[in-house]
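Enquirer: Take a look at the letters that make up each chain.
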Amino acid sequence: MNVGLNEYLILSALLFAVGFLGVLVRKNTLVIYMCLELMLVASTIALVAFSRFNGTLDGNVFVFFILTVAAAEVAVGLAIIVALFRKRGTVQVEELNALKN
Amino acid sequence: MENSLFYLFSALTVGSALAVVLHKNTVNAAVCLLLSLLGVAGIFALLDALLLSVLLILVYAGAVVALFLFIVMLLKPQTEPKKAYKKASVVAGTMGAALLGLGLCSFVTRGQFSTAPAAEVFHAGLKDYGAMLFTTYLLPVQVVGFLLLIAMLGVIVLSKKFEGQEDAK
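Residue numbers (the numbering used here), protein chains in the order written: chain A, 1 to 101; chain B, 1001 to 1169.
Since the hints were made in silico from the structure, they are not lab data.
Keep in mind that a hint or two might mislead.
[Claimed, not checked] The calculated BS3-like cross-link candidates involving lysine-lysine, where the alpha carbons are at most 30 Å apart (straight line), are:
hint, chain 1, residue 1, chain 2, residue 2
1, B, Lys1161, A, Lys27
2, A, Lys27, B, Lys1086
3, B, Lys1076, A, Lys27
4, A, Lys27, B, Lys1024
5, A, Lys100, B, Lys1087
6, A, Lys100, B, Lys1076
7, B, Lys1087, B, Lys1076
8, A, Lys27, A, Lys100
9, B, Lys1087, B, Lys1127
10, B, Lys1087, B, Lys1160
11, B, Lys1086, A, Lys100
12, A, Lys87, A, Lys100
13, A, Lys100, B, Lys1024
14, A, Lys27, B, Lys1127
15, B, Lys1076, B, Lys1086
16, A, Lys87, B, Lys1024
17, B, Lys1076, B, Lys1160
18, A, Lys27, A, Lys87
19, B, Lys1161, B, Lys1086
20, A, Lys87, B, Lys1086
21, B, Lys1127, A, Lys87
22, A, Lys27, B, Lys1160
23, B, Lys1087, B, Lys1024
24, B, Lys1160, A, Lys87
25, B, Lys1161, A, Lys100
26, B, Lys1127, A, Lys100
27, B, Lys1160, A, Lys100
[Claimed, not checked] The following label-pair restraints were derived from C-beta to C-beta distances:
hint, chain 1, residue 1, chain 2, residue 2, range
28, A, Leu99, B, Leu1069, 25 to 33 Å
29, A, Leu96, B, Gly1154, 48 to 56 Å
30, B, Phe1113, A, Leu99, 37 to 45 Å
31, A, Asn97, B, Asp1128, 21 to 29 Å
32, A, Ala83, B, Ala1119, 43 to 51 Å
33, A, Val69, B, His1123, 24 to 32 Å
34, B, Ala1088, A, Thr56, 45 to 53 Å
If you're wondering where the values come from, they're calculated on a predicted model, not measured in any experiment.
We put the beta carbon where it would ideally sit given N, CA and C, even for glycine.
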């Protein structure tokens, strides 16, 4: 059986679920951020697959924009994490409970 | 040939993604993220999106993972707790992620997606991208450029040390 659209979409769904698992389970902000990146990349696989099997280039151009936004997002997010570490001395989500009580 | 490459790249991608989630060491997690992204770049190449696969490697491997490693080395390593996971959150998280994955998979397998094979020729050269980016998507290109500028300014402001702001000891 040849690899079709469904296989690519299932791969994308699996990768998204693995990223989601990481976001839910891990406690280190940096690792949570990496898993967010994984989820973003998983969604781009679906876009590229749809674009290829539809025969148009629009999905690929979308992924182009997603890559740009992801680069900007990583820069800002990591700067926030560094600022947080400077202020609080930790990046573990369980210790960042300033809003509690 | 194409089938076996697809399964090889998928196994690499999902396997290293799992390693990102399960590894306690942040540096190893970042390197596994790099491996996973290489697998995704292979998938993109199989989908005839060669430009995107090269861009993914350049942007993610060259910039994002390098930045992650940089930040990991900036932060104190001894902030890692003894236990990386809590039991209840592992159970709940696994169930949530499994539900999400199963839902998406059933959406894919039961949906009415066309099973027609992809067209043999697919024009995805630099010329085609350029033509689309400077005609149909001209406004998004400018918006994204502006977004990059704002992100750069934001990073500078966020990482600057202001007077009278004491650090945590």
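Enquirer: What hint numbers does the structure not satisfy?
Expert: 9, 10, 14, 19, 21, 26, 29, 31
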